[in-house]
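This is what each chain is made of:
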Amino acid sequence: MKTVVKLFARARDLAGAPTLELDLAESATAADLRVVLGEQVPALQPILPSLLIAVGNDYAAPTTRVAGRTDLAAFPPVSGG
Amino acid sequence: MKTVVKLFARARDLAGAPTLELDLAESATAADLRVVLGEQVPALQPILPSLLIAVGNDYAAPTTRVAGRTDLAAFPPVSGG
Amino acid sequence: MIQLTHAPIDFAALTESVRSTQAGAVVLFLGTVREMTHGRQTLALDYDGYPEMAEAQLRELEADARSRWPVIEAGIVHRLGHLELGDVSVAVAVSCPHRHQAFDAGRFLIDRLKEVVPIWKKENWSDGSTEWVHPGTDEAVGRKQ
Amino acid sequence: MIQLTHAPIDFAALTESVRSTQAGAVVLFLGTVREMTHGRQTLALDYDGYPEMAEAQLRELEADARSRWPVIEAGIVHRLGHLELGDVSVAVAVSCPHRHQAFDAGRFLIDRLKEVVPIWKKENWSDGSTEWVHPGTDEAVGRKQ
Numbered sequence: 001m002k003t004v005v006k007l008f009a010r011a012r013d014l015a016g017a018p019t020l021e022l023d024l025a026e027s028a029t030a031a032d033l034r035v036v037l038g039e040q041v042p043a044l045q046p047i048l049p050s051l052l053i054a055v056g057n058d059y060a061a062p063t064t065r066v067a068g069r070t071d072l073a074a075f076p077p078v079s080g081g
Numbered sequence: 001m002k003t004v005v006k007l008f009a010r011a012r013d014l015a016g017a018p019t020l021e022l023d024l025a026e027s028a029t030a031a032d033l034r035v036v037l038g039e040q041v042p043a044l045q046p047i048l049p050s051l052l053i054a055v056g057n058d059y060a061a062p063t064t065r066v067a068g069r070t071d072l073a074a075f076p077p078v079s080g081g
Numbered sequence: 001m002i003q004l005t006h007a008p009i010d011f012a013a014l015t016e017s018v019r020s021t022q023a024g025a026v027v028l029f030l031g032t033v034r035e036m037t038h039g040r041q042t043l044a045l046d047y048d049g050y051p052e053m054a055e056a057q058l059r060e061l062e063a064d065a066r067s068r069w070p071v072i073e074a075g076i077v078h079r080l081g082h083l084e085l086g087d088v089s090v091a092v093a094v095s096c097p098h099r100h101q102a103f104d105a106g107r108f109l110i111d112r113l114k115e116v117v118p119i120w121k122k123e124n125w126s127d128g129s130t131e132w133v134h135p136g137t138d139e140a141v142g143r144k145q
Numbered sequence: 001m002i003q004l005t006h007a008p009i010d011f012a013a014l015t016e017s018v019r020s021t022q023a024g025a026v027v028l029f030l031g032t033v034r035e036m037t038h039g040r041q042t043l044a045l046d047y048d049g050y051p052e053m054a055e056a057q058l059r060e061l062e063a064d065a066r067s068r069w070p071v072i073e074a075g076i077v078h079r080l081g082h083l084e085l086g087d088v089s090v091a092v093a094v095s096c097p098h099r100h101q102a103f104d105a106g107r108f109l110i111d112r113l114k115e116v117v118p119i120w121k122k123e124n125w126s127d128g129s130t131e132w133v134h135p136g137t138d139e140a141v142g143r144k145q
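Protein chains in written order, with our numbering: chain F, 1 to 81; chain E, 1 to 81; chain B, 1 to 145; chain W, 1 to 145.
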């Protein structure tokens, strides 16, 4: 199913877009999303191991279901402060 | 020799004066000063064990010579902040 | 008060807002844009954030601090956008009855903020290059305050 | 800046005075007059000091902090006289390259100030009594922030 993911910081620069629309299996988890991101956007490969996935306002566990969510984000480690 | 000692906080309240003029032996040390203060101003006895002696802008060691100094002070433990 | 802002941070007002007659101690932390990092010269920083999540995470941090220390009031403001050298990027203010509580709570809040709150800084180095700072990744030079 | 004053402390100006492009971190500590101490109610505090020695001891503390941490700027202001609930009695501001240095230096300065700087506070309790605070003596109820 069509699922939109927001990107930030270096992830956005590498993908060249602030959001990506992906086609995910209905059972797709955050771990699956990471794999799909790497396959569909090879430019993200360098930061894939450290990429964080958020669902809503919380960090997602690898097993968190993400397909069809409208509040997904993916971004590299934070550096505020 | 005549020696003036400034007092602060509870020491001043107990002595009833901001300064005391004492007659000290020329060899008198800070330890001696404490004894003389207790003898000449019995009201200071309750705080004598914790009384601090300063010479100039520094805390005096018990052996510091104090007779004739014009920059002596005696006061209980500090509580600023 | 939890706030993200593109305007300069009014840290005096933030500090005033946490003062209380229940508190004997207030600690304010300011992160400011430092010129030199590991021998490299910064010209400016650009901060990007994921505002909804960042604010939610900051509220969680405040709640976490309140569960650990007797926090009377707390406030966290993070600036986003383009910051020049010396600008205040983040301000954390906390008041507690006793001073060590306030120091510990303040340090906890800024330490955790730097670990979990989705905000990122991009270095504008003096050689003209720019670089996102992503701690723990190969690309990034960790920039720690 | 080292200062004793009978006027309200301008902690915003003090904080501004320690900011620097060499610093990534500023820590400000404020001691404020707290209402309740060990279940007793304070109406006001009176601070007395031995000004010449207090300023000299504060200068020594600043030098001591500078020998331990890479302090860029530091400032300490202590108020004397009559303070009402919530008033700021002391402000310590310090800037360092990194945040843990600034937290450690700030905590060191206020901890040591309370041990060695000749300033004393007198409690004005809600029952009408007054009492000098002299930590470690039998008479005093230790009042710690």
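Some clues are possibly wrong.
[Said to hold, decoys possible] Ranges of calculated distance between the beta carbons of each label pair, as one might list FRET restraints:
#, chain 1, residue 1, chain 2, residue 2, range
1, E, Pro18, W, Ser129, 18 to 24 Å
2, B, Arg66, F, Lys2, 38 to 44 Å
3, W, Thr21, F, Pro18, 30 to 36 Å
4, B, Ala44, W, Asp127, 54 to 60 Å
5, W, Pro51, F, Gly56, 43 to 49 Å
6, W, Asp127, B, Thr5, 44 to 50 Å
7, F, Gly56, B, Met1, 19 to 25 Å
8, B, Met1, W, Ser67, 36 to 42 Å
9, E, Ala17, B, Arg59, 24 to 30 Å
10, W, Glu131, B, His82, 51 to 57 Å
11, W, His38, F, Thr70, 49 to 55 Å
12, W, Met1, F, Gly56, 45 to 51 Å
13, E, Val35, W, Met1, 39 to 45 Å
[Unchecked claim] In silico DSS-like links for lysine-lysine, alpha-carbon gap of 25 Å or less:
#, chain 1, residue 1, chain 2, residue 2
14, F, Lys6, B, Lys122
15, B, Lys114, F, Lys6
16, E, Lys6, W, Lys114
No lab work stands behind these hints, which were simulated from the structure alone. The beta-carbon is built from N, C-alpha and C at its ideal position, and this holds for glycine as well.
So, going through the hints one by one against the coordinates:
Under the hint 18 to 24 Å, the C-beta atoms of Pro18(E) and Ser129(W), about 23 Å apart, fit the expected range. Taken as a hint, the range 38 to 44 Å holds for the pair Arg66(B) and Lys2(F), whose Cβ atoms sit roughly 41 Å apart. A C-beta distance of roughly 32 Å is found between Thr21(W) and Pro18(F), which places it inside the suggested range of 30 to 36 Å. Under the hint 54 to 60 Å, the C-beta atoms of Ala44(B) and Asp127(W), about 58 Å apart, fit the expected range.
The supplied range of 43 to 49 Å is broken by Pro51(W) and Gly56(F), whose beta-carbon atoms lie about 58 Å from each other. Under the hint 44 to 50 Å, the C-beta atoms of Asp127(W) and Thr5(B), about 46 Å apart, fit the expected range. With their beta carbons about 23 Å apart, Gly56(F) and Met1(B) fall inside the hinted range of 19 to 25 Å. Checked against the given bound of 36 to 42 Å, the beta carbons of Met1(B) and Ser67(W), roughly 37 Å apart, stay inside it.
In this structure the supplied range 24 to 30 Å is violated for Ala17(E) paired with Arg59(B), their Cβ-Cβ distance being about 58 Å. For the pair Glu131(W) and His82(B), the supplied restraint of 51 to 57 Å holds, since their beta-carbon distance comes to about 54 Å. The given range of 49 to 55 Å is respected by His38(W) and Thr70(F), whose C-beta atoms sit roughly 54 Å from each other. Taking 45 to 51 Å as the suggested C-beta distance range, the pair Met1(W) and Gly56(F) conforms, at roughly 47 Å.
Checked against the given bound of 39 to 45 Å, the beta carbons of Val35(E) and Met1(W), roughly 40 Å apart, stay inside it. For the hint linking Lys6(F) to Lys122(B), the alpha-carbon distance of about 18 Å falls within 25 Å, and the restraint holds. Note on Lys114(B) and Lys6(F): the hinted pairing holds, with a Cα-Cα distance of about 21 Å set against a maximum of 25 Å. A distance of roughly 21 Å separates the Cα atoms of Lys6(E) and Lys114(W); the hinted pair therefore holds under the 25 Å criterion.
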